[in-house]
Amino acid sequence: MGLAARLLEEARFSTVVLTPMPEFHRVVGIPRSVAIEYPFGRPVGDVGDSKGQREVLLETLSVLAKAEKPGEIWHLPFTWPESPRETKWQPPEMSPIVSLYLDEIKEARRRAR
Amino acid sequence: MEKSEKTVDGFRFLPPSLSAWIQTRIPEQFEGSIPWTPLSKPVNQATFSMVTSAGISLKTEPPFDMEREKREPTWGDRSYRALPKNAGEGDITVNHLHINTGYILKDINVMLPLTRMREFEEEGIIGSLAPTAYSFYGFQWENNDFLTEAIEPMARQMQAEGVDAVILIPA
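These protein sequence lines are chains A and H, in that order. Quick note on numbering that gives the first Met the number 0: the first sequence kicks off at 0 and runs consecutively. Quick note on numbering that gives the first Met the number 0: the second sequence kicks off at 0 and runs consecutively.
Chain A extracted, bound-state conformation (with noise of 0.2 Å):
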């Protein structure tokens, strides 16, 4: 999504990526992140929760007027409140690059630890 950003951003839009994964801007660059705590799927807020949702997104739309120079990220403060596992954002079946790199993946945990 960073790299859909830089090229729209390129093209004389303003951007702003609102991400669950802040640390991914290391690897391509973005030009305006706005960071939520939040699991993967659900970034703005949670099913019918309306009104954290509206918080998330009126935060978003305030970076993009405050921002001043590329490349910041701007932290939200709001918390989840389940914890990472009763959230249940993983799909049913395991990814196919996750079946793919299985072995890799593992030896990641183990040279972690």
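FYI, nobody ran anything at the bench for these hints, they're computed from the structure. All figures in this text were calculated on a predicted structure; none of them were measured in a lab. Relax, there's no trap hidden among the hints.
Here are some of the chain A residues that sit facing chain H, going by a computed Cβ distance under 8 Å: (1) Met-0; (2) Leu-6; (3) Ala-10; (4) Arg-11; (5) Thr-14; (6) Pro-38; (7) Pro-42; (8) Ser-49; (9) Val-97.
Think of the CB as a built atom: it goes at the ideal place given N, C-alpha and C, for glycine as much as any other residue.
For this one, chain A is given, so just place chain H on it according to the hints.
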């Protein structure tokens, strides 16, 4: 640049093994230049569009191709879909092999907040919401062809619709 007391941990919701693996694949920091287009007018006068990478399509159009990705795990659909600003849960289907898509089917606003942005338009918080929002498919593995096949056509339609600013929301 950190602007608030909380620092978001993007790895918090990932299983430890996947988290460790991703961390081996991303650099410590970005080196290079970043494009920049300042917002040309106040938010309450600007025209907005939105882009999500969640694989949302209209039921009346072909869905994003998941079957080929299941056969070829490093391939991701590079097409995109235009979505009318009044689209709701009843109009869409969602295809994405890397998230639970069920929440978006219950409330499109968790991923692509069209209802919220239409409210903001009515309330005068934004100038306007452009007629079209967009979805592509976020799994693009070491291949940037989606930029020319999906993002450039979006940019042309945004220009035609007078868009000033774009909110991008990855899944």
